[in-house]
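Novice: Taken in order, these protein sequences are the chains called A and E. Every letter in the first sequence is one number past the one before it in the working numbering, and letter 59, counting from 1, is 1060. Every letter in the second sequence is one number past the one before it in the working numbering, and letter 579, counting from 1, is 1301.
Please keep in mind that the hints were generated in silico from the structure rather than gathered at the bench. Be aware that one or more of the hints could be misleading.
[Said to hold, decoys possible] BS3-like cross-link-like pairs, simulated, lysine-lysine; straight-line CA separation at most 25 Å:
| no. | chain 1 | residue 1 | chain 2 | residue 2 |
| --- | --- | --- | --- | --- |
| 1 | E | Lys1107 | E | Lys1092 |
| 2 | A | Lys1079 | E | Lys1053 |
| 3 | E | Lys920 | A | Lys1023 |
Source: prediction; values computed, not measured.
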Amino acid sequence: MSSTQNGTATNQTKHTLSVVVKYNLNALSRIIGIFSSKGFEIDSISFGSGKETGLARITITTHGDEQIIEQITKQLHKIIDVVTVSDLTHQSFVEREMALVKVKAQRSARSEIMQITDIFRAKIIDISPDNLAIEITGNRDKVNAFIGMVRPFGIIELARTGTVALKREFEGSV
Amino acid sequence: MESAKAHTSNKNKEKSVQEKESPVLNGAGILIKTLENLDVDTIFGYPGGAVLPLYDELFDNNDINHVLIRHEQAGSHAADGYARATGKPGVVMATSGPGGTNTVTGIATAAMDSIPLVVFTGQVPKEMIGNDAFQEADIVGITRPITKNNYLVKDVDELEQTVREAFHVATSGRPGPVLVDLPKDMLQAKGRFSGLHKVSIPSYNPTKKGHFTQIQKAAELLSEAEKPLIYAGGGVILGEAWEELTALAENHNIPVTTTLMGLGGFPESKPQSLGMLGMHGTYYANMATTECDVLVAVGARFDDRVTGDLEGFSPHSKKIHIDIDPTNIGKNVEVDVPIVGDVKHVLPEIDKHTEQPDTNDWWDTINKWKEEHPLEVPEEDHKIKPQQMMESISDITNGKAIVVTDVGQHQMWAAQHYTYDYPRSFLSSGGLGTMGYGFPAALGAHFGCPDRPVVCITGDGGFQMTAYELATAVEYEVPLKIAIMNNECLGMVRQWQELFYDERYSHSILKKGNPDFVKLAESYGAAGFRASSKNEMEQVLAEAMTIDDRPVVMDFRVDEYENCYPMVPSGAALNEMVLGDKE
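Chain A extracted, bound-state conformation (with noise of 0.2 Å):
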């Protein structure tokens, strides 16, 4: 689930896919199997309650060129509880994924990783005396920019959530 699998190809893009879907292991199950059986790709794939009830919203983040990613769009919508499709990527939109990374942190190292924590404006989350828990949030780019930060100092667990993603509603005008 790395963001180095976008292969060789030259005209693969990185899409990120907000899908409205009736609230049911079912239709998760369905969603997850297009890809597997159309052999689609996911990078990574959130899944939560969305703003009505009984409804869900998952984020999707795949790539691959126009004709795939229109495929995928395609048959996602195809499933017959999911109720809205929409590539955000040509549109304006808001994503952060959330990371917490477990590093090893002796004393000699401790304040080094403080700092780098503090330019990526993540937080401190637990402290023991070898080790650190620490929460990141931003853009998939920023998260594994500061997982590369702190890799060097050993990494000992890692979770991330996948990206999450919602249109922006206000342009603005310059």
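We have chain A already, so just place chain E on it with the hints.
Specialist: For chain E alone, kept in the frame of chain A given last:
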């Protein structure tokens, strides 16, 4: 149970069964009443532990004809044949576990060819789900990729609406199979039957009307075409658009080729018909597809058996693609004018806006192709050539039978050499290519259309996969004609081994183990005949047609080494077809 009340309202077959008080029934009763209310007249099923409550309801029900098939796979094929012959959804009932898993091949077959099926399976009681209980299988999980939608009904109060939704989903848009899983305790629990018909699924709204500007673009392209061609698929049959298609082709004198699934969607006796295209299509259909300048795909999905090598498929044409399922459009072949919509709505619109294209030169070319390489029927009196067999069946039934085939060489010959002038007259497993489909599907077609003659054309291999259904055919006195093209081998496999594997006939020769099909038929109480020459075959066919109270098995001994041509080798383009054996 307040069954007296339930029964009086049951007599009311009107659509609006609105009562002051909806009757309290158990889940099984609600299901049966909902089926009656949805005008279900036939169920293909097999009882078992988890569906005992349902079978108890069926015991004294006189409105629904339950056909006891001998294996659930055959049940799902029979329901499929019923659906293809009538246009109504086929209904299957099976018990939990193995009952459900046995239906899987039939469901997958229906899914590939967009056939509306509603499959009801029993399930272990709710509290035992997940415990590896006796006869438990996660049938919703197993069938998820091969159903349009499926449901596990946990609450008896949701049963009626779910069943209505299942029928709505199965039959609307691009049709397909739907499965409803019914835990035994839910079938026994008490609930209410409302009789309300309204089904509303906000997330499901198939597009019916085509986009107007797209239709105009299509009409413009067609008006300016010099070499137009219509390529019609199963969508014409599913969408009941055969009259609209015929009108478009006749009004503008446009040639029509159909896919295997589209056979009968355009009358083959009309001069505009080029027969079938694709791997075993006619020379002239494949040449026209390669040379045309505007190709109108109607309810077809550019299947690999149709297109051959995609690079060489219809390379000079602008393509118009009409389909109700947007995922079909642009999937295999890029199209110039996509139209998402119901072919029945879209075709007349295109017809209306199209001006007469000048197709005289095009017809000269096509007619030359037709003269150069017509479909050939070998002349042979002392043997039976498979092509002769199909022609004889076509002649004796005047092209008016429902022809149901199995899969393989005989299927292709039946597609080529029977003249299909009527829709819903050629039933065959196209997408999945399911051997064992033919005979039970023919059985189902008979139950759907008892007044039409049904001929099952099958092979000695395919027939043996579901031959046990002779029991069902005998029990219900089905006057089905089963014509076995018996070449004592798996013909199509053998043909490929001959052509592409150095004549190494690995496990494709059935000669030694084949039964005596005449005795097999007779042991079930069916009629059995054998023929080895053209003359004998015609006598047997004539006699078979007079039998109307039991199935007839005809063992036609054909030439083992006959190959099916024309043939486009896999990976080749359509115009690279092979027309006959190398000398």
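Novice: Each hint should be assessed against the structure and marked as holding or not.
Specialist: Verification of the supplied hints:
1. The hinted pair formed by Lys1107(E) and Lys1092(E) meets the criterion: a straight-line CA distance of about 22 Å does not exceed 25 Å.
2. For the suggested pair Lys1079(A) and Lys1053(E), the alpha carbons sit about 14 Å apart, so the restraint of at most 25 Å is met.
3. With a C-alpha separation of about 19 Å, the suggested pairing of Lys920(E) with Lys1023(A) holds against the 25 Å cut-off.
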